[in-house]
Every structure is written in structure tokens, then in C-alpha cells.
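Trainee: If you read the sequences in order, they're chains A and B.
Residue 390 in my numbering sits at position 390 of the first sequence, with consecutive numbering throughout.
Adding 426 to a residue's 1-based position in the second sequence gives its number in my numbering.
Keep in mind the hints are simulated off the structure, nothing from the lab.
Incorrect hints may appear among the rest.
When the alpha-carbon atoms are kept at most 27 Å apart in a straight line, the in silico DSSO-like pairs for lysine-lysine are as follows [as the list claims (entries may be wrong)]:
1) B:509 / A:362
2) B:1154 / A:49
3) B:1119 / B:1130
4) A:18 / B:732
5) B:1145 / A:18
6) B:1145 / A:49
7) B:679 / B:621
8) A:362 / B:726
9) A:417 / B:1179
10) B:682 / B:672
11) B:651 / B:672
12) A:417 / B:667
13) B:1119 / A:49
14) B:583 / B:1116
15) B:726 / B:687
16) A:18 / B:670
17) B:548 / A:362
18) B:710 / B:680
19) B:1145 / A:362
20) A:362 / B:1064
21) A:335 / B:522
22) B:509 / A:18
23) B:1116 / B:1060
24) A:4 / B:736
25) B:535 / B:509
26) B:679 / A:18
27) A:49 / B:1052
28) A:397 / B:651
29) B:631 / B:621
30) A:417 / B:559
31) B:1064 / B:1084
32) B:1154 / A:362
33) B:736 / A:18
34) A:398 / B:1123
35) B:1154 / A:18
36) A:362 / B:1123
37) A:49 / B:1116
38) B:736 / B:754
39) B:583 / B:1154
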Amino acid sequence: MRVKVLSRSPEEYFRATKRDIHRIPRNFNPDLHPLEAPREYVRALNATKLERVFAKPFIRSLEGHRDAVHCMCRHPSSLSLVLSGACDGEVVLWSLSGKKVVSLSLAFSAGDDQLLKQWSLTKDGVLGTEPASVYSTQGPVTALDCSCDGTHLATGGDTVLLWSPERSEPLRRFEWGNDSHSAVKFSPVERHLVASCSGDRGVVLCDLRGAQPLKKVVLRMRSNAVCWSPTEAFILAVANDDYNVYSFDMRRLDMPLNIHKDHVAAVTCVDFSPTGRELCSGSVDKTVRLFSLVEGHSRDVYHTKRMQRLTAVLWSADDRYVISASDEMNIRLWKARAAEPLSILRWRQREALEYSASLRAKYASHPEIRRIARHRHVPKSIYHARQELHTVHEAAKKREKNRAAHSKDKKAPLPEKDNVVLEECE
Amino acid sequence: MSLDPVLSIGTVQADNAAEEEGNDGENNYEIPDETHRNLLKDLETITGFKQLKTKTIRNEGAQEPSDFNLSSSTGKQKVNLIKLVSAIKNVSKQKKARKDLLDISMKKKTLETPLPSTELDKIERIAAYEKEKTGISKWEPVVEENRKAEQLVFPLKQPDLQIHDLSKLVKRFKPRTPLEMEVAALLSSSENNLKDDRVLTEAEKRALQAMDLEEAREKRAELQKFRAYVSYQAAKFKRQKKIKSKRYHRLLKKDKETLVKKELESLEKNDPEAFLQRLEQIEKERIQERMSLQHRATTKWAKMQKVYGKFNDEARQTLAEHLEIKRKLTEKKKAAVESDSDDEIGAVSAESETLESLVTETDRVNPWMRSERSAAVTYRIREPTTSQVESQKKDEESDVDDGDEDGDDRGDGQRLSNVLSTASELNQSERANVDEAAMEDSEGKKRKRKAKVVVKSPSGETKTNQKKKKKKKPQKRKQDKKRKQSDTAGGDGDGEEKEGDEDEEANDRAASSDDEDLHETLTRKRTLEDFSAMGESEEVPRSKQRPPATKNKEMKKQQKKKKGKKEESDSADEGDDANQPKEVKPPKYISKARVAFIENEGEMDDQRMTIAEAFADDDVMNEFDKAKREIIDKEKPKDIDLSLPGWGDWGGAGVEHKPKARFIIKAQKGPHRKDRRLKHVIINERKNRKLEKHQVKRLPYPFKNAGEFENSLHHPLGKEWNPQGAHKQLIAPRVVTRIGTIIPPIDAETVFKKQQEVKSDLKRRRTNKSESETKKKKSS
């Protein structure tokens, strides 16, 4: 009798050298894997849970200001340097990695004393107490921005002024109406474009090459901040007093591209991520929220017990961190993606993370996974405010609907986007 | 036509004033003069009064010219240049001036009044905005492409990596160091250097020129032939270099060896001095080989081969070959051997003489010793019994005592005995080599002496090994001790680590005191999810999907009941609360269709009547009954037949197989169906409510239908179901950023540079084409 014995050639399982990977024989025939979908679902569920477990966005708080922080800007060529100006006129250069106050002087500062001061910065980060040059402005300066290439400055005040560092007088003056401008921002891509927020609820676009501003859009409420997308030249985002952030296409200003909701108080500051796909915004409701450009609701919300009203937010140039400045004199450093590890990853780790991320994305619409992924704890005040807003919103909607139903022409109420822009001035 | 200018101005002013008033009142009375006159006449005829003559009002002329009184749009007395000029008709002196003025009046028209500055600004702004709009639209394709991209790697401006071939490098090469400069100077000045793909060098050309034609041709042909040969040879070598055949290489090797041998022989005959030198060289190589460990089984590679050799014949063979090399190289050549032995005789007492050299002498005699090391590798060493070892020892000792040997051997013997005495101290396992050799030789007495000698070399080895091992042992012990200590300390270390961990944790806690509040209280009732749920309810009113009759009730229900209660009410027995309105959710995309019935008993009869009337011809009720019966049958628990064909049965043609009762597990009767007494309802009992939370209720955004969505989930992403490459592609992230790299904003120059380059390339080609065409035309 011949007995068949299970035998394997050592070639099948022996590695030729130690460095070879272990050969694992596999058959990818889907008939042999009837449970692949449930297994992946469970993996996705676990990945989602783990992502929430590891979500600890807060890194550190930078203390040292003696008054509320008013504005912030990042160093053009260094990732770790951030400048901040406080309400008492102090300008501080921070090193985010070392957590130290480096100096009290910086490139450009503007204040209510109607002076524009240029400070120079050595490599050590310190220079004398005297500014390098001073420009006198006609009125108080409320906002300041430097163009990406460093050739121009724009200031906001009674009018939008364009400066060149070589001239003591402004190059151009852009006026439209009598209200002051609370924010100015250069477009990082098309460097001749400047957007500003005026006090009469308007957002004004200016072209530095022309004598006249280009366009003005009046929204329902005042805008507090504006920023341009660094990758998509015609996209800009506006932080508004009506609790929303609006993203606009510069070419079609009659309605916003998207309304980013979720804040429960006036939004004071907004910034684009360097990839141009996300936004971060700070609000009077004491939270920082992160939005995807194409979604209406926030991806994440950051808050701590002691953080007060937000005055400025920045997205770091390497797309890893978000920096927020608030009323209670502190600057806080957050991770842009809450569960992302900060260290350099080995490829196995990275692959595992990528796998889990793609699984999460794949099963994102499943209710259980969605529920876990979206679960956030928010302070009581915000939760209740949100609820209240919701009821208000619903009531208004209902009212509109009823009105439409009982009117003669029975027109359906306009979508929300159509009601954002009050007037498009020319 | 002489007009008093003052007067005219005055009237004009008055007119203007009237006009302004009219404008103020926003009523422009512009009645045609004729009709006005007619009206006045009519009035005259009716009333009989004569019209009062309007007095001309004389005003003072304005002191300063102003915007408002310089021109009038509706003045009858408009001053005309032609008329003015005609006034100076007769004056011959002004003839030229008149002509000029007339020309001007014919040619030039008056400019339009400029618009107010606000309007002007507006127009300017609109124009500028439109221009900017079209200008910025150039980004549209770039943005679109980036949005659609499967993967974007930031920073977008990646360094331009290109593969440069050698020719380019050569062209770019510039001599810098003095040596390079010298060489370059030589090369450039040399006339024998072939340049720029020419057929002949300068020197060759000159030589050709110097020759007569026939000779030059021959020479050139010869040169060409030679170059062709060179290239053929190069090609041949290249081809041969690539041959992988082992057999071929083996043969090649053999050929080489035979060549060397032949050479040696020829040298021996012809040139004894060179031969001796050669021998010396070989001897040197032998010495070197003996010193080196290269071809021993001690290298890492050899050890690995040993391991693989268990399973792999090839590895075994290569190792054997490897050791053979050693053997061959260390083998003494005849002449060399003689001289060696002479030396040995001269230096008998030399203590420095190694045992190994003695062994090598015997090696040639003993066939086993030739591949001694390879044998040690290929064959397992048998453990000898203690008795064998003892007998072996006795034999050896007796041999030593015999003393029938010459002095040389005796000396060896003494040395041997010394060695053996040390060897006797060895433990058995360490002396495995000795015993093996001894056993093999114990067959014949004649060989004993040789065996002695044979023993020596391994014992020598074992001695050194022993020393090594002895040295190793304490180390091992030390290591063990250390390990133990580390183990014991490891516990401590672990403890320390733990402590450290704890400390770290504490630090973490301290550091993240701010955000600890986030995670401490995990039992939060409300979540962001709730918010989003609110948002969802805004976007898609669910009430739309429900039948209108239940709307209000449903609303109330929602307000009153919470989820848990709802579930309870849902899962409650249908038979019991048949009177209550039953609500089942309408069909969803993914979940199986469910039937909704909402009925009251009072309404039921009426409905039945109407249904019966409506479907008088169709037998709906019976069909429903049938369907229900089918479903009930389908869902009934069934008997399980465990019988296997061919077991416990007779086989062959014509044998019937009856199901055997003992192999059949009878199905147990389950609980009663909930709808057994409800004729008009089918209740799906297979529905698992626990699964519901994992099922997608609404079609997610980008998908058009359920099938599309299901397809998107169909393919797994994991390594278990995909090859590595596919897996990598599947899990590739949409956006890739690098730690610590600044991502600058997108740069117009780099983005549009490529497009420009492509365009300019096209242009150049076109111009070249057109040029060549024109040339052709010209030439033709």
C-alpha cells in the first residue's frame, strides 16, 4: 500500500539569506476568502476607535505675553519661528520647538500710534530695541500684511495703503466708502491681489497694479478676517460675524462656494492649510475648528478649559501644526491631525497608518464608524448654544417654507447660499 | 447778426435756471414750440385777450466763468463759428485766418462732457475686475488637475531629476586639477586623438597624404580591418562575460589550469631559473593560504553553507569545492616538499615547528585526510563510547613505548604523547575528531603508527580548540552570570522601567493637564455626532418619505419617546397590539425592503372592501396567502441529513439508498410566528436589530445608486487579499507631506513654464519646417 504523506520542499519555506522576507504562500482567489468584507469592516471599526484613542491634539502652550495676543504671523523661511503682537504693543518672536521667548523685536509692526516700524532680525533672533526704520501713517493701522516675496506691504486702517520698504510714503491708496478696514491679506499666488475686510460689512478686493479697487461684496454681517488659498489662486475664505466661514471664488462673488458652519459665535480669524485643502478658524466661542474646504461642517474642534476668545490662528508651513492665539495672553500649539504621530515613522508603521486611514475613508459612511469618528466632547456652553442655534435655524426655515407655501407664486425659498451676499458693488 | 454778448449770456442763464428747476421737480416739460404757440393762439381766440409781451430780462454778466453758464443745450441763440466767421467775409487781411477757422469748424467736433468721477471710477473698476477675472482663470486647469489628482506630493515644486548619459557628462567635463589639465592639454595637442566621430585622426590623415594612392588605400583598409577586429573582440568578450553556464566556466577553469601546468613544464625544460622563481612564488602563495582563513569552514559564508547543506545539495557541493581549493593550495609541490623535509631534519629541536606542517606530510599518504575538513562538514560525527576511547588511548601509548622509530619520529612521538596527555584531559565530546580518526585506523595494526600521526593533527586542533573553548567557557559563564544578573536586574530594570514609565506618565499628565479634562470624562451624552445629526435632519426631511397619515403621530412620538423605548415598542408582540397603528420604516437603499402597513381595526373592513372592489378580477388575497405560505415554509427550521453516500450502505447497480433515520437530526419546532393569526401581514422575523447600527441607511454623497456604492466597498484593501504592489496603490494617501518641509504656495512661474516650453518647442519646429520647405522650394 502506498501512503501519501504530506511533504513540503524546504525551498518553499526557507529563506536564501537572512535578509529575505519570509515567504508566505497566499491565494488571492476571492472564493477562498468569504469573510474579507466583514474582516475589513471590523478593522475599520477598530482603526476608527484607535484613532480616537490617540487623538490628543494639544502640544503646548506658549506663555510670556502680558496682554491679550492680538495678531500672529509665521516666519517666511523658518518652521519653528512665529511672531506675535499683543495689545500692549509688545512683539514677541517665539521658537515653537524650544518653547522659549527669543526676543522682543521683529520685522514689521504697526500700531495705533500711527507708526509703521520695521525691525530687523539677526540669525540669533535678537536685535536692538530700536526699529530699523519707521514710516508714519495718516491714521491708525489696524491690519498689516506682507506680500509673499517681501516687496510690498499692505496696511488696513481708514484706507488700504500699499507700501514699499524703500519709500516713506505709501505707493497707493485704495478707498471705497468711509469705513475702516480691519484685515488685509495678500494673495500668495497672484501677488498683486489684496483682499480686505471693511467695517461696512464688505469684503474688498484690490489690484495693486491699478489705481482703483476691483470689487466689493457686502455680506449680511461684518467680516473679521480673510485669507487666500495658497494652491488655488482664485479661492478665498472669509471669517464672518454671523458664526460662519465662507469660501468664495474670486470670479463669482454673488454667492459663496461653501458655508462652513459649526461655530457658535463670531469667527475672528481664519487660515488656509499650505495644501489649500483645509481651513482652520478661531472664534469668540473659544474653540478652534478645522474645516475641509469642500465640506460644510468642521472636521475637528479644539478647545481647552483655559483658552478664551481666539484672536488669531495659523496653520504651520509644513501642514503639521495649528497655532492659535487667544485673549488670555497665551499661544497654543496643536496638531493639525489630532491622532497623527509626531515622530518620523518607519515604513511598516507608515504603511499600517495609511492602511487604517484608507479603511476609515472606505467605511466612513457606515453609521457606527461615522458615529465614533465624529464623536467629540464639547463644553456645555457650546453644546447648548449649538442646540439653540439649531432650533432657531429650523424655525426660520419653517417660517420661510410656510411663507412660500401661502404666497401667490408659491416659489420655493431660496437656498441658504443665495442669502449670504447682500450686495455686489461695482 | 450782431448780438450783444452780455444779453445773450443773460438769457442763456435764465434758460438754464428754468431747466434746473424743471429738473429739480423731476418733471421735464418739453412741449414743442409750435404746439405751444397754437395753444396760445387758441387761448387768444377764446379769451380775446392779447398775449402779454415777455420782457427780456437784462442781467449782469457773471463775474467769473462757471461750469453752468458756459454752454446751453437748448439755446436758440447758440453762437455758431461759421456764422461768426462769415461776419469777417469782406476783410481780405484775415482771409487766411478765416480759412483756417472754417477748416477747423468743418473738421473738429466738440468733445463730450466728461462723466462724473464716481461713474468713471465705476467703469474703471468693472473693466479691471473683468480683466482680472479672465487673467486668474488661467489657473482653472491647474486647480482642476490638482483636485482630481490621485495623489499630491507637497511641496508641489519637486527637484527636477533627470538621467544624464555619459556623453553629456563628457561634454560638460572641464579639467580642474593640475593633473587633469595636463592630460587635457596633451589630448588636445595630440594629433593621434580621434575627434568628433571622424574616421581618421590628424596623424593618420597626414600619413595618408604622404603616401601614394594605392598604398594609402591598402593602409586604410588595414586600419579599418584592425578596428573591426577590435570591436568584434570586444563584443565577443562582452558576450562571454555574460555567459552564466556553470559548465562553461568549469571548463574554462580547467583550460586555464592546464595552460598553467603546460607553462610550468615548458619552463622546467627551458628556463630553470624562471621555473624556480615560479616555484618560489607558488610556495609563497601556499604559505599565505595556510595563514589565511579564507578557504576554511570558519567564515560566515561557509557556516551558512553548512546550514543550507542540510537541505541543499548545491550548497554542500560548493562548500566541498571551497574546501578543496584550500587543500589544493596548501598541497606541497614535490620539489618544495623535499626541501621542506630537509629543513625539518636540520631543525628537529626547533620548538617553533608547528604540528600542522607535520600533518601535511602525512596528508598525502592518508586519503581520508585530504578532504578532512569537508568530511567533518558533510558527515555527522559519531560519538564514541568511553571504552573505545580508552582502548584507543592504550593503543597509542603502546605505540609510543615501542620505540622502533628513528629520532625524528621519536621526537614526534614524544610530542605526541604530550599532546595525548593533554588530550586525555579533554572530555569526550571535545575529542570527537580524534576518536573518529582513531576508529577508522584501528582496523589494521600496520596503520597504527600512521594513525598515531593522524591523531596528532586533530588533537592539535582540539588542543587549540580546547584552549579556545576553555577561554570561552568562563566568558560564557560570565555572560550567563551577567544574564542572570541582568535577569535579576531585569526585574529591577523592569521595575525601573515601570517606574520610569510611571514617571513619564506622570509627566505626561502634568504636561497635558490642560487637555486631560477632555479625556477624563468619557461618559458624555452629547457629541459632535449629535450636531451633525441635527444638520442631516435639516438637509433631508425624513418626514417626506413617510406616508402622510402617520406624520403627526410620528412627530409626537419622536418628541415623546426615546430610542430605547421605541425599540421596546417595536419588538413587542405584534399579536397583542394589533389594534395599535403599526409603523414599519419604508424601504431604504441597502436594507431589505419592508412593507408598511398602518391600520386601525375600524378602517380595516372598509379598506378590505375597497381592495376587493378595486381588484375584483385579480386574486390578490390568495396570492398574498401563497406568498406568505412560501415564506413561512422557507423560514421553517428543517431536518438535517448527516448521512454520507457510501457509508453504511451496500453499493452496486440497482441498490436503492434510503435515508436512514439515525443520520437525520430532526428540526425542533421554533417559537410561534408572530403573524400566524394575522392574515394580512407578513412579519420578517429574520431581521436582526443589532445589525442595524452597522448598516448604511442613506446613499453617501458621490454615489448615484446603491450598486455603485456596493461596488466601491466590494474590493478589499488589505495585504491578505491583494499583492503587495496593488495593496500599496490602494492605500496610497491623497496628500503626502514631509516632516519639517516648508510647503511654499504654488508658483506661477514653475507651473506655466512647462506649458510655455512646450509651446516654444512647437513654434520652433514649425519655423524649422517652414524654413526647410522654403529652402526646398528655392533649390527646386
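Trainee: Quick check: which numbered hints come out false for this structure?
Mentor: 1, 7, 8, 9, 11, 12, 14, 15, 17, 20, 21, 22, 26, 27, 28
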